[in-house]
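Peer 1: Taken in sequence, the protein lines are chains A and B. Counted the way the working numbering counts, the first sequence spans residues 136 to 517. Counted the way the working numbering counts, the second sequence spans residues 18 to 751.
Heads up, none of these hints are tricks.
Using 27 Å as the maximum straight-line C-alpha spacing, the simulated DSSO-like pairs for lysine-lysine come out as follows:
no., chain 1, residue 1, chain 2, residue 2
1, B, LYS707, A, LYS259
2, A, LYS158, B, LYS690
3, B, LYS530, A, LYS259
4, A, LYS177, B, LYS706
5, A, LYS220, B, LYS706
Calculated directly from the structure, the hints in this document are not laboratory data.
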Amino acid sequence: MAKKRTATDSNRSANAAVGKRDKKTLGDLKNLADGVVVAADKKREPFLEIPARALSNVRYNKTKRYIEMGGNKNRRQLFNVSQAKAYMQTLLVASGCKRLIDEQKTTSIRGLYYLLKHTIEGTKEETFGDQDECDPIIEDVEVTLNSLREELHVFASNRGNLAGSLTLIDNGDEIDCSRMGSAGYSIPSIVEPEIIQFTKCDAKFIMHVEKDTVWRRFNEDKFWKEHKCLLTHGSGQPPRGVRRMLSRLHHELNLPVYCLLDNDPWGYYIYSVIKQGSINLAFESTRMAIPDAKYIGLRSIDFERCQLSNSVKINLNETDVKRAKQIAGYPWFAGHKGWQKEIQKLLSNGFKLEVESLVSKDISYVTEEYVPERLRERDWLD
Amino acid sequence: MKHARKSNARRPALIGVKEDAPAHEPSARSTKAERNGSAGTKSGATTPADGEAADAKSNGSNGDGAAHVGNGHDEPANGATRADSRRRRATAESMAASQRDISVSEFFAKNRHLLGFDNPRKALLTTIKEAVDNSLDACEEAGILPEVWVHVEQTSPNRFKVGIQDNGPGILKAQIPNIFGKLLYGSKFHRLRMSRGQQGIGISAAGMYGVLTTGKPVKIISKVSPRKPAHYYEIQIDTKKNKPEILNGKGEGVDIPPGEAGRKVIEKHEIEWIELDHGTRVTIELEARYQRGRGSVDEYLEETAIANPHVTVHYVDPEGNETLYERSSTALPPEPKEIKPHPYGVELGRLMTMLKDTKATTLAQFLTTSFSRVSPGVARKICETAKLSVRASASKIGRHEADSLFQAIQQTKIGSPATDCLVPIGEELLLKGLHKVVPGEFYVAATRPPAVYRGNPFVVEAALAYGGVSSAQKVSLEALTELLSESDARSLRQFLISNFNGIGPDGAERILKEADLGQRLTPGKLKAADIGKLHTAMRSVSLDEGQSMNVMRFANRVPLQFQPGACAITQTIASTNWRAYGLSQSRGALPNGPVTIMVHVASVWVPFTSESKEAVASYPEIQKELRLALQAVGRKLSMYLRRRLKVKQEGERRSLFLRYLGEVATAVSDLNKADRKTVYDKLLEVAKKKTAEADVKLDDRGRKITEEEEEDFGSNVLIIPQADAAASSVAAKP
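With these hints in hand, go ahead and build the complete structure from the sequences.
Peer 2: Rendered as structure tokens:
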């Protein structure tokens, strides 16, 4: 490998700063490699056991109220035509992570992809064709080692913002989230206590909205100031950083979370992910799920309730209908009368509503009437 | 009326116009006769005697063809009613004056497309084909290993002189004029014997075409023995009378003495003759066009060489290039036996004529002597079923009795006709022939046991070649330049599709894209640099995918080059499910892949769809045999393809593992500081063990893969070992 580093060079700078968590991760990575050597020594085929990340391998824990990963594991073998490349890629990702930890640096998943992408010697084949090939392998390594992404020194791009009366320390810098201007504080991908510590919070709850455009409306109207809350968004499906942040704020500062999402199956799913955790990242549910999160809107009854005009309707397409039925069948929605009613109503409406559609009433209708009214009436879905 | 029409029309086809040639009739009248063709047939019934005479010598397809033309331009119903309702335009008497026989030669002169003279290019091929086929038939019948010289020479922009000489037994002086100057004259029509020619039309029609288009007579030299002089004739066919006209030697021909004197005579007449003890040379000058590619003379000769490995052909093309197709076998195929018709294949009408003509006295004798496979016992059974006496006089059987006899024949169980009258090419020679001409990696051949259609025995053979490069890839730059300049295709795309087997529209597009040339360029106007680009592209573009199967059809060892769509062979190939044998195929189309298939139908009477003998008719029995033959080669092909795929997959597996081992070893040593080389070597060992296990597993009977499996293919298979591409590409680097 061309990119092989001289060991001494990287170790000297690294060892000094390697923390306790990193040491554990490094140990896990070494074990992964030791397994290969042991198998080779015994002339056995080396393989990796990777917990399955699929709907079939998750279950809803009723008492904890979030999704947990099951015990199913997939075996990934080197000497299997269909798995050989993935096996190679898994070890490659592991070695890349080791390098990051050794050098005490972090990189984006895209950065890791470029770090590991090269032409396999003697062929014209690339180790990774594109990033989509690399990303699931990173997740595989996470679940295999039972390490979090940040423990592997890999982060995703920032995709969420926060505003409100919260002061925190991010990587040593004190940040006052009430003084972040129009764009707010960009929630980083890694928000573990080692990086971010909360120092002061005057907020009473968290208002989480689906996307940037809505968030700006709330921020411009200084909703968070008026209602003493934190305002966040996650650019649609919230990335891990945002979910972890919400979870920490919720659990450490005891702030209830209210979600304002589009009235469509996608909005329901975002709520479900925030509340119960996602299927793909079921192994991180403990750290991310917020079982007490509330869904305040938009509701499928809002078309009548808010007397919206016909022109804001967006017809449901086939995928929407399919998805809605699928979501209605999720165990955490299945026994919930309110949710069943909500989804049935969506289906019988035959159209979906975006949060922005409330603008048709008035530009600030959502911040001045809709949300305050819901909060006042404690009208939400749980 | 129907009967009358038929008999009247049939008559000229048989007897010609010899006796009552209306020499006194001016030509203006004859055109009128044609205009009133409908009326002519109508009143033809007034000559019953003629009709009967025609029946006595009844024949099959040609008679029908003539009948068709006799009514050619008519609208009988309309014409008649209109004439009745209004004033009469012609009287029966006036019409009778213009009613006359039509000579078979006149008919074919007008309908030359029926004989394969539709266009100048095809005319050239048909002429050569008829002559060569006749030569080969003659040689084989005389037990001589055939050697044929084909000489094509351009005399003016659209005229060619074609000379075909053979080393056959020669033709007797008296027979020469009739054979070359009379349509439907020959030895092959009346017998049931496997031969290339069947009807006695071909060569005389070619001569007639030559005379019609250039006015030059057919020149024939024939020599029967070294001691006797050769005969030299210049003949042209009198189309009106269907009679040869000898032009030289005051209608007697010229004798060419052996030795020096003879040479001088030959020189004087501007003819060629290759010194042989015996043989025949026919020279025809005709309007034609020479063009290589599909349906060309070159293709015909090449395919003839495949199907006739015992033949040597010397070919000089119009550019003066000499090509030699040398025989790969010196064994003359066994002589096909002549057989009597099988009772099942005889229709009632023919049965009645046979009864009338027979020399046998009793019915039993008639049945046993006139038919094959009828023993006295079978004859008795037939007579019993027909409720006729075995001793009834054969010639006195009436219409009614003949009918019951006919029914009885159909009801009686009679053995299949003797099949020793058929001489298939044989699996071994098929493989040899195909291998010689078609490059490939796998060859398989299958000869079916003889079968019977309409009482005619026939054999189907199929041979298949898989792999290798297509004709587009082996063409040389010079040949391509020449082809381009000769081509009359409108676009480059069309040029590629029509000139090379295996390039479909898809392939042509890919080649042109690779060459960066427009699809619509005129082939003739391509610059040298562009031709170079095209040539490189043709070599580099892999055509395996879109390439469709290349089909070579043969009937009695004669290549069939036209009308593939109408032919039972092509139809059966397209309707066979080749997907089951590992080839891709769209519904109802020829399969795709680098495959050449050759199918040979041999029979005492090959049922062609037309006189130009371009396509085999679809009899269900023939289709069934074709399908079985195709399936036989298909099964072997799929065995081969499966094995090839396995070998390839194994190679890929191995190379795949090896490819990633290096990366894995590097990653492992990065992670736990283990020695990379040690890890790699150990993993390599495991990999080898693993693939070796897989090798063994592949054989379902638990045997190791050795020659044993090769033997499973049987004897009719030829495998050309290919360099293992997969293995060589594996870079096993530590």
